[in-house]
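Protein sequences, first through last, are from chains A and B.
Count the first sequence with the UniProt record's numbering and you get residues 1 to 578, in order.
Count the second sequence with the UniProt record's numbering and you get residues 1 to 422, in order.
No lab work stands behind these hints: they were computed from the structure.
Just so you know, not all the hints are guaranteed correct.
The list that follows gives simulated cross-link-like pairs (lysine-lysine, BS3-like), each with its CA atoms no further than 27 angstroms apart [stated by the list, open to error]: (1) Lys410/B / Lys563/A; (2) Lys160/A / Lys411/A; (3) Lys264/A / Lys208/A; (4) Lys160/A / Lys421/A; (5) Lys422/B / Lys296/B; (6) Lys422/B / Lys563/A.
Stretch by stretch, here's where chain A covers chain B in the computed footprint (C-beta under 8 angstroms, at least three residues) [said to hold, decoys possible]: (7) 48 to 57; (8) 263 to 269; (9) 397 to 408.
Derived contacts from chain B toward chain A, CB cut-off under 8 angstroms, selection only [what the hints assert, rightly or not]: (10) Leu249; (11) Asp253; (12) Tyr394; (13) Leu419.
C-beta: ideal position from N, C-alpha, C; glycine also.
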Amino acid sequence: VCVCVCVCVCVCVCVCVWAVCAMCGCGRDDFQEELVIRPLHSGDIYASFQFRTVWDTDFMGGKKVSHYRLFPKSLGQVISKFSVRELHISFTQGYWRTMQWGQPFLPSPPGAELWVWFQDTVTDVDGTWKELTNVLSGIFCASLNFIDSTNTVQPSASFKPLGIGNVTDHRFLRYATLPREIVCTENLTPWKKLLPCGSKAGLAVLMKSEKLFHSSFHSQAVHIRPVCQDWQCKSTSWELRQTLNVVFDLHSSGQGKREWSLFKMFSRTLTEACPLASSSKIYIDVTDNPQGEQFELSPATPLLSQAVVLGDRRTYSVYDLTQQATFGSMRSLNMLLRWKSSDGECDMMRPLLHGERYVAGYGLQTGEIHTLMYNHHPYRAFPVLLLDTVPWYLRLYIHTLTVTSKGKDNKPSYIHYQPSKDRVRPHLLEMLVQLPPNSVTEVTVQFERALLKWTEYTPDPNHGFYVGSSVVSALVPSVVAMDTNSTQERPLFSSFFPSKEESSYFVRIYTEPLLVNLPTPDFSMPYNVICLTCTVVAVGYGSLYNLLTRTFQVEEPSPGLAKRLANIIRKMRGVPPL
Amino acid sequence: MAAPLTLLLVVAVTIRAALFRSSLADLIAERVEVVSPLNAWKRVVEGLALLDLGISPYSGDVFHETPLIIYLFHFLVDYAEITFMVSRKFVSSFRKQKYALEADRYPLDCLELIRSPKEMYYIPLKVAMFYLLNPFTILSCVAKSTCGLNNAVIALFILCTIKGSALLSAIFLALATYQSVYPLTLFAPALLYLLQRLYIPVNIRRPSFWWYTLQYAFMYLGSLFVIICLSFFLLGTWDFLPSVYGFILSVPDLTPNIGLFWYFFAEMFEHFRLFFLCVFQINVFFYTIPLSIKLKEHPVFLIFMQLAVISIFKSYPTVGDIALYLAFLPVWSHLYRFLRNVFLVSCVLLACSALFPVLWHLWIYAGSANSNFYYAITLLFNVAQILLVSDYFYAYLRREYHLTHGLYLKRKDGSEATLVLK
Numbered sequence: 001v002c003v004c005v006c007v008c009v010c011v012c013v014c015v016c017v018w019a020v021c022a023m024c025g026c027g028r029d030d031f032q033e034e035l036v037i038r039p040l041h042s043g044d045i046y047a048s049f050q051f052r053t054v055w056d057t058d059f060m061g062g063k064k065v066s067h068y069r070l071f072p073k074s075l076g077q078v079i080s081k082f083s084v085r086e087l088h089i090s091f092t093q094g095y096w097r098t099m100q101w102g103q104p105f106l107p108s109p110p111g112a113e114l115w116v117w118f119q120d121t122v123t124d125v126d127g128t129w130k131e132l133t134n135v136l137s138g139i140f141c142a143s144l145n146f147i148d149s150t151n152t153v154q155p156s157a158s159f160k161p162l163g164i165g166n167v168t169d170h171r172f173l174r175y176a177t178l179p180r181e182i183v184c185t186e187n188l189t190p191w192k193k194l195l196p197c198g199s200k201a202g203l204a205v206l207m208k209s210e211k212l213f214h215s216s217f218h219s220q221a222v223h224i225r226p227v228c229q230d231w232q233c234k235s236t237s238w239e240l241r242q243t244l245n246v247v248f249d250l251h252s253s254g255q256g257k258r259e260w261s262l263f264k265m266f267s268r269t270l271t272e273a274c275p276l277a278s279s280s281k282i283y284i285d286v287t288d289n290p291q292g293e294q295f296e297l298s299p300a301t302p303l304l305s306q307a308v309v310l311g312d313r314r315t316y317s318v319y320d321l322t323q324q325a326t327f328g329s330m331r332s333l334n335m336l337l338r339w340k341s342s343d344g345e346c347d348m349m350r351p352l353l354h355g356e357r358y359v360a361g362y363g364l365q366t367g368e369i370h371t372l373m374y375n376h377h378p379y380r381a382f383p384v385l386l387l388d389t390v391p392w393y394l395r396l397y398i399h400t401l402t403v404t405s406k407g408k409d410n411k412p413s414y415i416h417y418q419p420s421k422d423r424v425r426p427h428l429l430e431m432l433v434q435l436p437p438n439s440v441t442e443v444t445v446q447f448e449r450a451l452l453k454w455t456e457y458t459p460d461p462n463h464g465f466y467v468g469s470s471v472v473s474a475l476v477p478s479v480v481a482m483d484t485n486s487t488q489e490r491p492l493f494s495s496f497f498p499s500k501e502e503s504s505y506f507v508r509i510y511t512e513p514l515l516v517n518l519p520t521p522d523f524s525m526p527y528n529v530i531c532l533t534c535t536v537v538a539v540g541y542g543s544l545y546n547l548l549t550r551t552f553q554v555e556e557p558s559p560g561l562a563k564r565l566a567n568i569i570r571k572m573r574g575v576p577p578l
Numbered sequence: 001m002a003a004p005l006t007l008l009l010v011v012a013v014t015i016r017a018a019l020f021r022s023s024l025a026d027l028i029a030e031r032v033e034v035v036s037p038l039n040a041w042k043r044v045v046e047g048l049a050l051l052d053l054g055i056s057p058y059s060g061d062v063f064h065e066t067p068l069i070i071y072l073f074h075f076l077v078d079y080a081e082i083t084f085m086v087s088r089k090f091v092s093s094f095r096k097q098k099y100a101l102e103a104d105r106y107p108l109d110c111l112e113l114i115r116s117p118k119e120m121y122y123i124p125l126k127v128a129m130f131y132l133l134n135p136f137t138i139l140s141c142v143a144k145s146t147c148g149l150n151n152a153v154i155a156l157f158i159l160c161t162i163k164g165s166a167l168l169s170a171i172f173l174a175l176a177t178y179q180s181v182y183p184l185t186l187f188a189p190a191l192l193y194l195l196q197r198l199y200i201p202v203n204i205r206r207p208s209f210w211w212y213t214l215q216y217a218f219m220y221l222g223s224l225f226v227i228i229c230l231s232f233f234l235l236g237t238w239d240f241l242p243s244v245y246g247f248i249l250s251v252p253d254l255t256p257n258i259g260l261f262w263y264f265f266a267e268m269f270e271h272f273r274l275f276f277l278c279v280f281q282i283n284v285f286f287y288t289i290p291l292s293i294k295l296k297e298h299p300v301f302l303i304f305m306q307l308a309v310i311s312i313f314k315s316y317p318t319v320g321d322i323a324l325y326l327a328f329l330p331v332w333s334h335l336y337r338f339l340r341n342v343f344l345v346s347c348v349l350l351a352c353s354a355l356f357p358v359l360w361h362l363w364i365y366a367g368s369a370n371s372n373f374y375y376a377i378t379l380l381f382n383v384a385q386i387l388l389v390s391d392y393f394y395a396y397l398r399r400e401y402h403l404t405h406g407l408y409l410k411r412k413d414g415s416e417a418t419l420v421l422k
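With the sequences and hints as input, model every part of the structure.
Structure follows, in structure tokens:
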């Protein structure tokens with residue numbers, strides 16, 4: 001009888017829990033975390049964290065989602081309140097040096113970047129965008145409230161959705177960048193809070209700000225998009241990826257010694273995986289070290305994995321943190337890569353696409369923006385899409401736009417230009433340019449610098465004004481066949497950009513941001529200027545008033561003082577005056 | 001008469017052609033004293049390029065010309081230099097205004113005040129010389145600023161008014177107003193001249209006065225309406241109205257120029273911006289009524305005064321506008337004896353013209369000066385212009401007084417009298 005009662009109670013409890021789950025619509029959710037460490041040829045080391053939460057739920061349905069487990073509630077509420085289809089936000093400190101470090105797994109421009117695809121049910125996209133930026137500004141403790149219509153654009157061809165969905169009406173896309181935004185600990189802390197385990201367990205314990213910000217490059221991002229649940233793609237689930245890329249410098253963090261360990265990089269070691277994670281792995285790129293002749297990796301691990309990423313087949317040693325054996329007898333994992341000798345290095349594979357940008361000209365009146373795009377492929381030409389957003393106070397002259405490759409004119413096959421409106425919107429220039437093989441393509445456009453109102457300058461106006469990075473997006477031909485199967489078990493770093501075909505992979509390059517000086521008025525002078533200009537106007541008014549209201553008369557000399565007094569006395573006496 | 005004029009034209013065209021072909025042309029086209037956001041050639045080319053790309057030129061904030069200019073240059077863009085030189089020729093040759101000789105009702109001793117026919121004969125040539133060989137005009141032409149076209153239209157308007165053709169005068173005035181808003185103030189002097197020519201007395205109680213005013217106003221407003229509707233049909237949108245007239249009146253672009261607006265509104269407190277904008281714009285228009293009342297018998301001088309007031313106080317002045325009213329000065333060369341500040345004004349104008357490029361270079365390129373330097377020269381230049389204009393007004397009024405009261409005045413006790421303004 002007791003057993004029956006217990007069984008009944010258990011069954012009831014299970015049914016209740018299942019019913020509760022069904023009622024509140026919570027689907028299956030899954031959390032994976034990974035860390036990829038890639039030694040770079042310049043001696044620096046690149047560490048990329050990725051945390052992925054997938055949740056089978058429907059934010060857009062009628063029922064309000066209220067039971068959150070692994071998915072952070074703040075982001076879920078943002079998605080449902082603002083009808084967001086895709087959201088990509090990144091905060092970056094430093095500039096990624098493509099020619100020295102290769103291609104990053106996830107590119108990001110310096111400063112803050114936010115681009116969002118809204119659902120097609122949104123009626124007022126601009127109003128929703130404004131509210132969304134303010135809410136995100138609160139969530140990430142960043143000054144995203146500076147995003148307004150003067151730095152938001154609507155690209156017409158770049159930034160296609162990275163998740164599933166076939167809506168391509170670019171009216172629902174908004175892109176904004178804040179190149180001046182500085183990233184620091186107060187942005188990292190709320191970002192870490194979004195993780196299911198926080199910074200208490202799993203790979204996130206390594207993210208300590210005193211080491212992370214003492215680096216050459218630091219970028220943290222949040223990417224939300226709908227993905228297919230399985231290969232048949234009958235239903236979609238929401239994917240949240242949080243990524244953190246950091247490059248530690250050999251000389252400032254590594255003290256010049258080419259020896260990297262988790263403790264040296266992060267001043268922490270790992271003791272356990274996040275209990276809520278279904279997979280928790282560390283990948284070390286050992287492609288250049290097949291027999292261990294370049295560097296020695298300890299503790300040794302038997303697991304090896306191969307992945308095709310960024311057009312190259314790489315080999316990785318894998319540490320699986322969900323296995324207790326990984327932590328050894330000390331219950332802590334501190335991987336060490338020690339380089340054996342400094343010679344015998346093989347060349348880094350040159351990145352096929354690279355971009356640079358600079359401002360030419362002198363003085364504060366005019367200037368020229370030059371964008372250079374390098375195609376290092378020896379025999380293949382491919383088209384790239386260039387997106388340029390220039391603030392309204394640099395007045396671009398589109399008739400001076402020239403695109404030259406190898407000294408000859410290279411006419412773009414598609415140009416979309418939206419001129420700026422003063423204090424309302426920036427310039428938007430999108431071009432599809434064919435890059436010939438093994439060449440440099442130069443895009444130049446002249447601009448004029450505007451004088452702003454004295455209240456529109458930043459507190460340090462002579463520092464200059466930032467112009468956001470150009471974005472170059474391309475499908476670069478790949479020497480290695482890319483993996484187009486999207487639902488297979490692949491490491492997270494190789495599955496971010498979906499590959500539609502085997503012969504090319506998607507690359508997005510950000511150029512340097514520009515710093516441009518504008519002519520400034522004298523900020524101490526408002527009262528003086530008003531007074532002086534009004535004086536000149538008054539001089540004009542006064543002279544004309546005199547000439548208009550007075551007539552010429554012959555001057556009668558006025559009598560002397562004595563005579564005037566005598567006349568007054570005479571008048572009093574009633575006697576005629578002198 | 002024809003030979004000296006032709007020689008003058010040849011010399012002027014040669015100078016301009018030589019400068020067009022030299023490397024100075026690009027330098028001059030960039031100078032902020034010569035071109036403004038309203039009439040820069042670079043912006044016309046930009047507008048045409050936007051039209052070629054399929055975008056409306058008014059969707060951005062670079063192009064502020066009227067649609068008729070777009071269409072004019074759409075066809076003439078290759079012959080731009082010739083267009084500008086031809087418009088210069090028009091302006092100069094249409095300066096051959098004939099002025100009515102004064103009647104003989106003045107006292108005998110004023111004969112030396114009245115101009116002899118011989119003097120009058122040479123006035124058109126002098127005016128043409130003042131205009132064509134004025135460095136300001138040459139710079140404006142070489143920079144291909146559309147200010148030259150505006151000046152040509154105003155000159156045509158003056159010619160038609162002097163000739164007495166009311167309809168043509170109304171049409172050209174409408175065209176001038178359509179190009180930039182300020183020639184609206186020239187309606188009053190044109191009306192006064194035409195009334196004077198037809199011997200209709202300017203008396204508000206006379207119906208003939210009102211009848212003629214209505215006719216002229218109707219012709220003017222009608223042609224303005226037709227031109228604006230034509231512009232609408234050329235491009236299909238009303239976008240040009242805020243882009244051209246809204247731009248002229250609300251001054252959003254603070255590019256430095258030789259006027260008073262840019263620095264004033266760069267340093268203005270936001271709260272008062274609209275108030276001072278209204279004050280400055282009304283300042284251009286409100287001299288019309290007092291000046292018309294004072295100068296109702298002298299409409300030609302009134303035209304000169306209005307042109308001067310517009311050139312000094314408009315929102316985006318350039319040296320081309322100044323050249324227009326400076327060209328009128330030989331017409332009143334007989335006022336020379338009554339001018340008081342000629343030396344001072346000419347020195348200041350010359351010095352400021354020389355200092356403008358120097359201080360601009362120091363601010364923008366060398367970085368050793370700041371905007372206050374350029375602003376100071378702007379102030380001085382405008383004060384000098386105001387002095388010049390008010391000086392000529394003083395001289396004109398004084399001559400009128402002498403014409404009615406005699407040139408050598410004596411006081412009651414027989415000693416020489418002095419004239420004062422009271």
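Here's how the hints hold up against the structure:
1. Lys410/B / Lys563/A: holds, 23 angstroms
2. Lys160/A / Lys411/A: holds, 24 angstroms
3. Lys264/A / Lys208/A: holds, 12 angstroms
4. Lys160/A / Lys421/A: holds, 26 angstroms
5. Lys422/B / Lys296/B: Given that 27 angstroms is the threshold and the Cα spacing comes to 21 angstroms, the pair holds.
6. Lys422/B / Lys563/A: holds, 23 angstroms
7. 48 to 57: holds (count 5)
8. 263 to 269: holds (count 7)
9. 397 to 408: holds (count 3)
10. Leu249: violated, 15 angstroms
11. Asp253: Holds: closest Cβ of chain A sits about 7 angstroms from Asp253/B, inside 8 angstroms.
12. Tyr394: With a minimum Cβ separation of about 6 angstroms from chain A (threshold 8 angstroms), the hint on Tyr394/B holds.
13. Leu419: holds, 5 angstroms
Comparing the model with each numbered hint stated earlier shows that hint 10 is the single one that does not hold.
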